[in-house]
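Since the structure of chain A is already known, use the hints to place chain B on it.
Residue strings, one per chain:
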Amino acid sequence: MDNELNEIEKRLEDIKPSKLERELHLKIDGIFDSPMSEANYERRNKKIIYTIFSQRMAAAAAILIAFIGVFFTFLNDSNKNNLKPTSNNNLIEPNKKVDNRFVPIKTKNTFEGVSREDIFISKDRIPYQPIRYQFSDSFIWKNKSDGSVIEINVPSQRFFYVPIKTD
Amino acid sequence: MTNDNLSNDWKRWFHDNGTRLLLFARSKTNNEQDAQDVLQEAILRLWRSYSNKTNGFSPPQLPLAFTAIRNTAIDLARKTNRRQKREQNSDQVFRESEQVLNWFESSSIVEKERADEIAKALKKIPEKFRDVVTLKIWGGLTFLEISKTLKIPANTAASRYRYALEALRKTLKPNQH
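Those protein sequence lines, which keep their order, are chains A and B. Going letter by letter, the first sequence gives residues 7 to 173 in the working numbering. Going letter by letter, the second sequence gives residues 21 to 197 in the working numbering.
If you are wondering where the hints come from, they were derived from the structure by calculation, not from laboratory data. Just to be clear, a hint being listed does not mean it is correct.
Unchecked claim - A few chain B residues that don't get close to chain A, going by computed Cβ distances all over 12 Å:
1) Gln60
2) Ile63
3) Arg68
4) Pro83
5) Thr87
6) Ile129
7) Lys168
8) Asn175
To be verified - Ranges of calculated distance between the beta carbons of each label pair, as one might list FRET restraints:
9) B/Arg98 with A/Phe78: 58 to 64 Å
10) B/Lys144 with A/Gln135: 44 to 50 Å
11) A/Asp130 with B/Asn51: 16 to 22 Å
These figures come from a predicted structure and were not determined experimentally. C-beta: ideal position from N, C-alpha, C; glycine also.
Isolated chain A (complex conformation) (with noise of 0.2 Å):
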C-alpha cells in the first residue's frame, strides 16, 4: 500500500467506537441472566425427551391394542364363516348372527392440568408466555358377545402462546 493508504489506516485506527450507553448495556447483560442457562437447558431438554418418548409409548400401545381388537375380530368372523351345517340338526340358528365385534361405547377428553413455561422472544421482538394445557384422551370398546372391555388412555397436550404487553 502506498503512503496515503497507510496514513489513510492510520487515521481510522486513531479513532475508537464509543462505548455503549449504560441502559443498552443493563439490557444487553439482562440477556445473560435470562434462565436459558445449562441446568435449565438440560431440564428442557430432558422434558421435550421425555414427552416425546410417553407419547410414543402411548401411540404404540394404542396401536398394538386396536391390531389385537381388529386381529381377534377377523378371527371370529372368519370362523363364523367357516361353520357350514352338516346337519338339520345344527344348533347353530341360521338368521341369528353372533357379534364378536368391539365396538366403541366411550371417548372422554379429560382435562389433567395447565403449566406455563419459560418465556421466549420472538424474532418480531415479542415477549410471549407459552401455556401447556395437559389432556388425556381416553377410548372405551365393549365386545357385546363376552362383555370384555378395551380400554386406551392417551395423554395430549396443547400448547398457547400467549402475547405479553410490555407497554
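Coordinates of chain B only, in the frame set by chain A:
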C-alpha cells in the same frame, strides 16, 4: 459450569467486544435505534444458540458474532424495507444527519469533528467496502476471518479493503495536525 459463571463469562465477553459489535451494527443499519435493536437481537440469538452443552457454554468467537449481527441486520432490512421506502421521501435530511451520530469516541470538539467526518465518509462508501473496513480496523479480524464472516474469498476481502481506503482517501480531507 454454574449459571452464574456462565452468565459472567458472557458478560465479560460482551464488555470486551460490545463497542466493536455495536459499531458494526451501526454500519449495517440506517439509524441508532435499529443498530441497537440488531445488536440485542443478535446477542439474544447467540446466547440461545451457544449457552448450551453442545457448544461448550462459552461465548462465541468474534467472527461468529459479527456474522450474527450481519444476518440479523439483513432480516431487519427485509422486514422494514417497505417502511423505509415510505419514510425516505419525508425525512431523508433528518436521517442523514442522525445516521452517524456518535459512532466514535471524542474528547474535544476537534476530535468530534474528525470522528464525524470519518463516520460520514464511511457511510458514503459502498456497504461491501464499509463492512470490510469496519471488521478489519475496529473489529480486529484478519482477512481470512472477514472472508468467513461475509462469505467472500479472502482475496476479495483484501482487495475490497484497499478499494475502501482509496474511496475514503478521496472523501476525507488531509489531516491538519
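Each hint, compared with the structure:
The beta carbon of B/Gln60 sits about 6 Å from the closest Cβ of chain A, which is not more than 12 Å, so the claim that it is off the interface is violated. Under the 12 Å C-beta cut-off, the non-interface status given to B/Ile63 relative to chain A is violated; the minimum distance is some 5 Å. A Cβ of chain A approaches the Cβ of B/Arg68 within 12 Å, the least distance being about 6 Å, so the stated non-interface status is violated. For B/Pro83, the condition that its CB be more than 12 Å from all CB atoms of chain A holds, with the nearest at approximately 17 Å.
The Cβ of B/Thr87 lies farther than 12 Å from every Cβ of chain A, with a closest approach of about 17 Å, so its non-interface assignment holds. Residue placement check: B/Ile129 keeps its beta carbon more than 12 Å from all beta carbons of chain A (closest about 15 Å). With a minimum CB-CB distance of about 22 Å to chain A, B/Lys168 clears the 12 Å threshold, and the non-interface call stands. No Cβ of chain A comes within 12 Å of the Cβ of B/Asn175; the nearest lies about 15 Å off, and the non-interface call holds.
A C-beta distance of roughly 59 Å is found between B/Arg98 and A/Phe78, which places it inside the suggested range of 58 to 64 Å. Look at B/Lys144 against A/Gln135: about 45 Å separates their beta carbons, and that is inside 44 to 50 Å. Range check, A/Asp130 to B/Asn51: Cβ separation about 18 Å, and the 16 to 22 Å hint holds.
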